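The numbering of the sequence shown is the working numbering, which starts it at 30 and goes up by one.
Some hints here could point you the wrong way.
To be verified - Pairwise CB distance ranges, derived in the manner of DEER restraints:
1. T36 to V90: 54 to 62 Å
2. A60 to D112: 33 to 41 Å
3. I66 to L35: 50 to 58 Å
4. G78 to L38: 40 to 48 Å
5. P68 to K32: 57 to 65 Å
6. D108 to A71: 54 to 62 Å
7. V97 to G59: 43 to 51 Å
8. L61 to V111: 31 to 39 Å
9. T34 to V92: 44 to 52 Å
Stated by the list, open to error - Calculated cross-link-like contacts (lysine to any residue; reagent style SDA-like; alpha-carbon spacing at most 20 Å):
10. K32 to E86
11. K32 to D112
12. K32 to E100
Derived by calculation from the structure, the hints in this document are not laboratory data.
Because the structure is a prediction, the values reported are computed rather than measured.
A virtual CB, placed ideally from N, CA and C, is assigned to each residue, including glycine.
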Amino acid sequence: MLKPTLTTLFFASLCAITLPGCDVDVEDPGALPTVDIEPGEAPDVDVHGPEVDVHAEEETVTVPDVDVEMEEKTVTVPDVDVDIPAENEN
């Protein structure tokens with residue numbers, strides 16, 4: 030149960046660290062295409078949604094009383110070192 034969580038945490042932190050640290054140089058900025066459009070007309074609609082009433086009321090329910098004991102455990106966690114490239118370094 031703990032291993033998939035740590036694996037997911039590792040890859041999420043790796044993406045969060047490496048993606049913003051990339052140096053991207055735009056060589057050709059590109060251009061938007063030329064598009065000719067003609068004006069149109071949106072349809073005329075009449076929508077009647079449901080009527081919803083929301084309120085709160087108190088109820089008495091039976092709930093479990095759980096005591097949790099905490100213990101310290103040593104686990105392996107990811108340690109990521111990232112070298113961000115300098116400006117204009119390829």
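Each hint, compared with the structure:
no. : hint                    : in the structure
1   : T36 to V90: 54 to 62 Å  : 37 Å, violated
2   : A60 to D112: 33 to 41 Å : 35 Å, holds
3   : I66 to L35: 50 to 58 Å  : 52 Å, holds
4   : G78 to L38: 40 to 48 Å  : 42 Å, holds
5   : P68 to K32: 57 to 65 Å  : 58 Å, holds
6   : D108 to A71: 54 to 62 Å : 56 Å, holds
7   : V97 to G59: 43 to 51 Å  : 57 Å, violated
8   : L61 to V111: 31 to 39 Å : 34 Å, holds
9   : T34 to V92: 44 to 52 Å  : 27 Å, violated
10  : K32 to E86              : 42 Å, violated
11  : K32 to D112             : 27 Å, violated
12  : K32 to E100             : 18 Å, holds
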